[in-house]
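Model the full assembly from the supplied sequences, consistent with the hints where possible.
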Amino acid sequence: MKGKAMINIISPKNLVYSRPKAFTDTPTHYCPGCTHGTAHRLIAEVLDEMNIADKTIGVAPVGCAVFAYNYIDTDFVEAAHGRAPAMATGIKRLLPDRVVFAYQGDGDLASIGMAETVHAAARGENITVIFINNTNYGMTGGQMAPTTLPGQKTTTSPNGRDVELQGYPIRVAEMLATLEGVGYVVRRSLHDPKNIRLAKKAIRTAFEVQVRGLGFSMVELLSTCSTNWGLTPVESLKWLEEHMLPYYPLGDYKIAPSVAAVKI
Amino acid sequence: MTRELWKGNEAIAEAAIRAGLEGYFGYPITPQTETLEWMSRRMPELGRIFLQAESEPAAINMVYGAACTGARVMTSSSSPGISLMMEGLSYIAGTEVPVVLVDVMRGGPGLGNIAPSQGDYNQICHGGGHGDYHPIVLAPASVQEAVDLVPLAFDLAEKYLNIACVLLDGSIGQMMEPVELPEMRPVVRKEYAWATTGAKDRSRHVLTSIYLEVGLEEEVNLRLLKRWEAIKANEVRFKEYYLDDAEIAVIGFGTAGRVALSAVRAARAQGIKVGLFRPISVSPYPYQQVAALAERVKSLLVVEMNTGQMLEDVRLAVSRRIPIEFYGRLGGVVPFPDEILGEIQRIAKQPPSLEGHPAQRWLERMTAPQR
Ligand SMILES: Cc1ncc(C[n+]2csc(CCOP(=O)(O)OP(=O)(O)O)c2C)c(N)n1
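Chains as they are written, first to last, in the numbering used here: chain A, 268 to 531; chain B, 96 to 466.
Just so you know, these hints were derived from the structure itself, not from any lab. One or more of the hints may lead you astray.
Claimed, not checked - DSS-like cross-link-like pairs, simulated, lysine-lysine; straight-line CA separation at most 25 Å:
(1) B:Lys295 x A:Lys288
(2) B:Lys295 x A:Lys322
(3) A:Lys322 x B:Lys285
Claimed, not checked - One side of the interface only, derived from the structure: several residues of chain A facing chain B at Cβ under 8 Å:
(4) Lys280
(5) Phe290
(6) Asp292
(7) Asp321
(8) Asp342
(9) Arg350
(10) Met354
(11) Ile358
(12) Leu361
(13) Ser378
(14) Ala382
(15) Glu383
(16) His386
(17) Glu441
(18) Ile463
(19) Lys505
C-beta: ideal position from N, C-alpha, C; glycine also.
If you want it as structure tokens, here you go:
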């Protein structure tokens, strides 16, 4: 199509999709095929729909999403590796009427920051955690993470994760679901449009849980890491579906009775 | 106000509360725990925030987050817990938010013991966390002084957007003394131009310590250093005792300085011209004042409850102009005034050498076989 014809098509009456208000106009730094950008966008859409961007404070992790604040247009702090739930706790306790969310990768949340995660959940801290499970440490170049699948090759499990030596991957959503303080813990995936829509709904619910003061909420999002997996973007989506879904089943792991009553 | 009998750790907590503390996050560790316990009772009573964290890394990062809201916040711990907080302190320094830290030092290294020590001097004053930053460190020698320094620590932290630490040893934390506590000040949430409180009707605020562009990180470092220069110029604090005609000056901070004062008085009673210089701000260190002291007296005696950590700052200030001797007790041992008096008498009789290292001579004396 010629440039001119293209411009004609993008007119207000044809517009079906646009950048959320809570999303900045910034070229992405994420690799081709990475789903971090999708997750960022879903959060921005939810902040728009709930009209809470101006009362929200995000907590960025150490990991590929360290610059989440370049995209999500709210007040933000940048935590030390794994400490986002503690930092979010400090903010939320001092500003209980604001919305506070942490955005964390699996190394950040489930390895170095596992204690902070579990205790924030156990306290029923009224924060929302968006958890990106891409089965490896993306930012540092694809090392083994607590979520790396048995047999999966990474730069520090070059022969594949040997569970005899390196133990088993952790199912975080299932684990946190055992804690009384948790209001809402679910696992969703970003591998196709249907699941992306379901993921957005879960993110919305998680923020609604926080706004209503119903306890800790977390959405685990199965995500891709094409560069470190050594796969094309399309192959990555397939790999997620074939290898991650069986070990990390999608589902609602805890919906507290008070949350079940919430209609969105 | 009347004077009341207060335990150090509780007095520190109450002083912080009366200074308008809004949030406290901490973890139990002897000999500091009474601060945490006092906060757990008083803060909720006043409708303020108290939270027992799951660890010291969590506590310092909760404080870090809370400080980002612009609220007056603090934590307290003792040596092993302070080691664990170093990561958070470095981030706090790099983000330029105000935080107050109380370190009630105990014997180390390792798990050490729970007896009074000054072994954290270097960890607190000269680093600990990674990168270039300098905390303000105030070292009280009594419960009253601790109570007076806590509100000052908040004011300085907020004025300079810097970490301010009150550094004391377990004996001041644990002992009871008559003190006059300050009046209750109202809680004031300052409107900082940087606080992350939600971007309502303003452009958004981002608080971070990452600057991938090296030029920007260099700028941050230069800004921190400039601020530190202002702190050095304005915030040096110390006390002098009997120094007017002194020929020997003892230098000690905190409890070591306080015990040394008794020794100085005893030596004066024997006609020895000796005085005491007690740094209160051990960071910024009173280098100029110690240098000036070296022009007035003939020799120095540095007394510490560590292996000579502050001694190196004294040596830097004095730079071999006059001889220095060192006396230290370690591992949780508090020196008796008599021990320090003995050192003063020895120096009065036989001025020490300019040669060699004072801590080496002390170590030889300490470990020489007893006759
Ligand atoms: C204390 C500390 N240890 C290690 C690192 C190095 N580091 C940076 S990012 C990262 C891993 C992040 O992986 P993950 O949380 O899975 O997020 P992803 O990058 O995959 O999104 C590590 C180990 C660090 N910055 N700080």
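A closest beta-carbon separation below 8 Å is what the hint needs, so does A:Asp292 meet it against chain B?
14 Å, violated
Measure nothing beyond the straight line between the CA atoms of A:Lys322 and B:Lys285; if it is 25 Å or shorter, mark the hint as holding.
Holds, because 18 Å separates the two Cα atoms, which is no more than 25 Å.
Hey, B:Lys295 versus A:Lys322, does the alpha-carbon distance stay inside 25 Å?
Judged against 25 Å, a Cα distance of about 6 Å means the pair holds.
Does the CB of A:Ser378 sit less than 8 Å away from some CB of chain B?
This interface hint is violated because 14 Å lies over the 8 Å limit.
Does A:Glu441 pass the interface hint, meaning its C-beta sits closer than 8 Å to a C-beta of chain B?
21 Å, violated
Let me know if the C-beta of A:Phe290 comes in closer than 8 Å to any C-beta of chain B, holds or violated.
Violated, about 13 Å.
Minimum beta-carbon distance criterion (8 Å), A:Lys280 to chain B
Violated - the Cβ of A:Lys280 stays beyond 8 Å from chain B, reaching only about 32 Å at its closest.
Do the numbers back the hint for A:Ala382, that is, is its least Cβ distance to chain B under 8 Å?
A:Ala382 check passes; min Cβ-Cβ to chain B is 6 Å, inside 8 Å.
Hint validity - A:Met354 Cβ closer than 8 Å to any chain B Cβ:
4 Å, holds
Just to be careful: measuring from the Cβ of A:His386 to every Cβ in chain B, is the smallest value less than 8 Å?
Since the shortest Cβ distance to chain B is 4 Å, the answer is holds.
Could you check if A:Lys505 really has its C-beta closer than 8 Å to a C-beta on chain B?
33 Å, violated
Would you settle whether the hint for A:Ile463 is holds or violated, based on the nearest Cβ-Cβ distance to chain B being less than 8 Å?
Since the shortest Cβ distance to chain B is 26 Å, the answer is violated.
Hint compliance for this structure: hints 4, 5, 6, 13, 17, 18 and 19 are not met, and every other hint is.
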